[in-house]
Each structure stands twice: as structure tokens, then as C-alpha cells.
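**Q** Taking the hints into account, I'd like the entire structure generated from these sequences.
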Amino acid sequence: MFTDSDLDQLNKHNLYVFAIDCAEHALTVFEEGFPNDTRPRKGIDCARDMAAGPYTQEFKHDEDVRKHALVDADRARHGAQSAANGERAGSKFSRSTACSAMAVVNLLMAWPVSRARCASAIDMAQLAYQMRWDGWSLEAERTWQRDRFAEYLAR
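Mapping the sequence shown onto numbering that gives the first Met the number 0, position 79 (from 1) lands on 78, and the numbers just tick up by one.
Mixed in with the good hints there might be a few duds.
As the list claims (entries may be wrong) - Derived DSSO-like pairs (lysine-lysine); straight-line CA-CA distance at most 27 Å:
1) Lys41 to Lys66
2) Lys66 to Lys11
3) Lys41 to Lys11
Said to hold, decoys possible - Here are the simulated distance ranges between beta carbons:
4) Thr27 to Ala153: 33 to 39 Å
5) Glu31 to Glu138: 17 to 23 Å
6) Thr2 to Asp44: 16 to 22 Å
7) Leu152 to Ser81: 36 to 42 Å
8) Ala149 to Val70: 32 to 38 Å
9) Glu138 to Val64: 35 to 41 Å
10) Ala139 to Asp63: 34 to 40 Å
11) Pro34 to Asp5: 31 to 37 Å
Think of the hints as simulated: they come from the structure by calculation, not from any bench. Glycine included, C-beta positions come from ideal geometry on N, C-alpha and C.
**A** This is the structure in C-alpha cells:
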């Protein structure tokens, strides 16, 4: 939905925080399916901690913490994907939970900030809604993202 030129309007810090917001918004899909699995939520917390620190390309939050959060979020994604694959034709719900967790994985891989990885996290958040519900929910997510993006442009 967002083009490269759209995303280029944000500085790297705001782009990263916007991607965090999108991944976190979609995380509710994962948490509905796996309410006791806190790994992707911890990944969001780690990403927010990184974004809150002094921003430079060389900034190393605590690389071990980031890597651990990345591995955990990817394991959660893999678990959700395995559940989808184990079901007959994979339910929309299970596939959407995997997309939600993948948004967090892409987010954690985006450090130092990569526009492509941030865009992938944003797209995965939309895909989580597209696979979970009907077109109305996808449009609602896109509207939420557009409104949120406008807030960042106004800063």
C-alpha cells in the first residue's frame, strides 16, 4: 500500500517506529490464537527499546537481546505456520497468526533501520488482517495505517 516514495517522507527513526506500531497493531491477531505465547510481544518491546535509545546507525541496543527476541519471534512464527500447515488446507486464522508474528520478525531484522524490512513488516501486518477476516477488515487496517502514517508526517 505504501510506496518507497511514501516511506521516504519519514526519517529513519519515525519509519521504524511507524513499522513497530503496525506490527503491534497486527499482533492482536497472533495473541488471539496463541494467548500464552508472549515471544512476539517481547519482540515488540525490544524494538521499542531500540527505538527509544539514542538513534545512530551504529547504535547497538544490546545485540544479544535483539538477537534473542528475533529468534523467539521467529520460533513463534514457525509454530503458527506449522499449526496452519497441519490443518487441512491451513485455516485463514492460523495463516494470519503466522503473518502477524512475521511482521515482528521483519521488524527486528530491520535494525539498523532498513526501509525494505520496515515495509515488509508493514505489509505483513496488512496480510495478517487480510487472511484473518474479510475485505472489510483489511480496509479497516489500511485506513488505520494511513491515519497513523499521516500522524508521523505531521511530526
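**Q** Hints first: check each against the structure and report whether it holds.
**A** Evaluated hints:
no.: 1; hint: Lys41 to Lys66; verdict: 12 Å, holds
no.: 2; hint: Lys66 to Lys11; verdict: 21 Å, holds
no.: 3; hint: Lys41 to Lys11; verdict: 22 Å, holds
no.: 4; hint: Thr27 to Ala153: 33 to 39 Å; verdict: 25 Å, violated
no.: 5; hint: Glu31 to Glu138: 17 to 23 Å; verdict: 20 Å, holds
no.: 6; hint: Thr2 to Asp44: 16 to 22 Å; verdict: 30 Å, violated
no.: 7; hint: Leu152 to Ser81: 36 to 42 Å; verdict: 39 Å, holds
no.: 8; hint: Ala149 to Val70: 32 to 38 Å; verdict: 35 Å, holds
no.: 9; hint: Glu138 to Val64: 35 to 41 Å; verdict: 36 Å, holds
no.: 10; hint: Ala139 to Asp63: 34 to 40 Å; verdict: 38 Å, holds
no.: 11; hint: Pro34 to Asp5: 31 to 37 Å; verdict: 34 Å, holds
Violated hints, in rising order: 4 and 6; the structure is consistent with all others.
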